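K.L.:
Protein sequences, first through last, are from chains A and B. For the first sequence, my numbering begins at 357 and goes up steadily by one. For the second sequence, my numbering begins at 357 and goes up steadily by one.
To be clear, the hints were calculated from the coordinates, so they are not data collected in a lab. Please read all numbers here as calculations on a predicted model, not as lab measurements. Please note: incorrect hints may appear among the correct ones.
Said to hold, decoys possible - In the SDA-like style, the derived pairs of lysine to any residue whose C-alpha atoms are separated by at most 25 Å in a straight line are: (1) A:441 x A:429; (2) A:401 x B:569; (3) A:465 x B:461; (4) B:469 x A:400; (5) B:465 x A:441.
Stated by the list, open to error - Away from chain A, derived, C-beta distances all over 12 Å, residues of chain B: (6) 408; (7) 425; (8) 434; (9) 449; (10) 452; (11) 479; (12) 482; (13) 549; (14) 551; (15) 568.
Glycine is no exception: its CB is placed at the ideal position from the N, C-alpha and C atoms.
2 protein chains.
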Amino acid sequence: MSSPHLQTYNERARKHTNKAASALLRVMEEKQSNLSVSVDVTKSKDFFDIIEAVGPHVCLIKTHIDILEDFDATVIDRLRELSEKHKFLIFEDRKFADIGSTVALQYSKGIYKIADWAHITNAHAVPGPSIITGLASVGIPKERGLILLAEMSSKGALTTGSYTEDAVRMARARRDFVIGFIAQHRMEGIGASDTDNIAEEDFLVLAPGVGLDATGDTMGQQYRTPEQVVFESGCDVIIVGRGIYGKGENVDTREVLKQAQRYQAAGWEAYKKRVQCI
Amino acid sequence: MSSPHLQTYNERARKHTNKAASALLRVMEEKQSNLSVSVDVTKSKDFFDIIEAVGPHVCLIKTHIDILEDFDATVIDRLRELSEKHKFLIFEDRKFADIGSTVALQYSKGIYKIADWAHITNAHAVPGPSIITGLASVGIPKERGLILLAEMSSKGALTTGSYTEDAVRMARARRDFVIGFIAQHRMEGIGASDTDNIAEEDFLVLAPGVGLDATGDTMGQQYRTPEQVVFESGCDVIIVGRGIYGKGENVDTREVLKQAQRYQAAGWEAYKKRVQCI
């Protein structure tokens with residue numbers, strides 16, 4: 357059995373036991389896209405202008421629902437409609453980071469009820485395994501998937517060495533719910549013991565900090581190209597934000613579409629180059 | 357100069373350069389309370405029943421605003437009114453955990469506009485210093501204070517060794533905005549170099565996981581007594597949730613009041629025992 361990143365998304369979709377992961381891999385192959393657009397804007401008009409433009413070209417829309425200033429329940433309805441129309445999954449980038457009992461409430465309750473509409477969400481490993489227990493108690497009955505943050509792309513991040521190993525061990529213990537990582541490299545086998553069956557592991561790797569033009573911002577964010585993250589490092593999904601829609605105000609949808617196509621093509625080319633290496 | 361935890365809250369209030377920290381220390385001395393109640397309920401009626409009952413006995417109300425199912429703008433108005441009426445500060449336990457540009461939006465924008473009403477909020481150190489830069493760009497103009505998570509009380513938490521040291525170093529570099537830690541011990545001097553002026557440091561230590569009766573829950577939370585955290589470990593604020601209001605549904609306000617008084621007394625006694633050690 358070759359490493360997951362040397363298999364096609366389709367092969368992996370057939371074998372994956374988590375439904376959210378399987379659905380994502382299938383969409384990636386069907387749409388020939390490993391592009392996720394991170395829609396980090398504060399007005400719902402800009403939010404939907406961007407999603408309408410990029411929808412046909414992405415496998416995954418990444419949201420920060422809590423920055424939308426004019427949020428109401430219709431936002432979720434419309435987001436779900438677009439998800440079905442354009443066949444993309446929704447990833448709420450909540451970065452849960454509390455103890456189990458609290459994250460279970462944050463995931464299921466409140467204004468946002470994230471578990472009701474986000475196929476995928478994510479969490480930090482820092483609170484220990486209870487964060488997965490808490491989120492799984494809500495997410496598993498709804499067939500959701502969880503991404504753990506094993507690495508961060510910001511300068512001086514503390515996700516190094518044993519931290520990353522511990523995060524992967526936590527994921528390995530809950531492969532029914534943890535489907536992958538926010539990271540810059542593949543994670544199978546990291547921190548594994550002799551008794552772990554790592555040949556069965558298939559963790560999706562979603563890489564943020566991807567840019568074709570910029571190399572960094574003033575708040576410590578660092579960028580790599582799709583070629584670097586998908587072909588060289590074996591990541592599965594490239595996450596792109598401002599590289600596609602700039603400041604995200606008064607969006608020029610033709611320009612956004614053009615950039616989405618450019619990133620889609622770059623990401624897919626890097627993937628094809630990778631799986632042809634089998 | 358003796359260590360901060362051997363000085364009175366009043367002495368520390370006079371010297372502290374951050375206004376939110378200074379205000380909190382003053383309230384603690386005035387109300388003879390180092391008790392913070394964590395109001396982890398999902399209905400605003402329960403939320404306000406608890407706050408009305410415990411308000412006169414706490415220095416700080418800790419909220420998870422995003423679990424309230426019937427949240428609207430009047431919740432914030434009423435919370436602010438109660439904060440002024442009963443003289444407590446508000447601590448939104450958001451556990452920010454993203455890169456600088458994102459947390460700046462999450463703190464200032466969206467439905468909640470946390471920076472507008474929470475005197476204090478908190479963040480994980482895991483993204484590196486950019487998270488403080490991002491939050492400070494919003495919080496400093498509003499005279500807010502930030503708490504970093506240096507330790508967590510859940511089982512298997514990854515906040516160990518160099519992680520805690522790195523968190524304290526990040527705080528030390530931004531003492532204009534970072535006023536303390538969620539932790540179980542004092543943090544002054546941790547990870548300091550010879551050139552750091554640690555005699556000037558006064559980090560508030562807010563300790564979660566405090567209980568007089570319980571020792572743990574099913575999701576990995578562990579409990580210590582006020583005596584242990586305030587007298588033995590030198591923490592400044594005890595954070596108590598279910599120990600005071602149980603499940604938090606159909607709240608018996610007389611029982612909640614009784615428990616709040618009990619924890620207030622236990623916390624204050626441990627503090628008096630501590631400062632008399634000077």
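K.L.:
All the hints need checking, so say for each whether the structure fits it.
P.N.:
Hints, one by one, checked against the model:
{"no.": "1", "hint": "A:441 x A:429", "result": "holds (19 Å)"}
{"no.": "2", "hint": "A:401 x B:569", "result": "violated (51 Å)"}
{"no.": "3", "hint": "A:465 x B:461", "result": "holds (22 Å)"}
{"no.": "4", "hint": "B:469 x A:400", "result": "holds (16 Å)"}
{"no.": "5", "hint": "B:465 x A:441", "result": "violated (29 Å)"}
{"no.": "6", "hint": "408", "result": "holds (21 Å)"}
{"no.": "7", "hint": "425", "result": "violated (6 Å)"}
{"no.": "8", "hint": "434", "result": "holds (17 Å)"}
{"no.": "9", "hint": "449", "result": "violated (8 Å)"}
{"no.": "10", "hint": "452", "result": "violated (8 Å)"}
{"no.": "11", "hint": "479", "result": "violated (9 Å)"}
{"no.": "12", "hint": "482", "result": "violated (5 Å)"}
{"no.": "13", "hint": "549", "result": "holds (16 Å)"}
{"no.": "14", "hint": "551", "result": "holds (19 Å)"}
{"no.": "15", "hint": "568", "result": "holds (19 Å)"}
The earlier numbered hints that this structure contradicts are 2, 5, 7, 9, 10, 11, 12.
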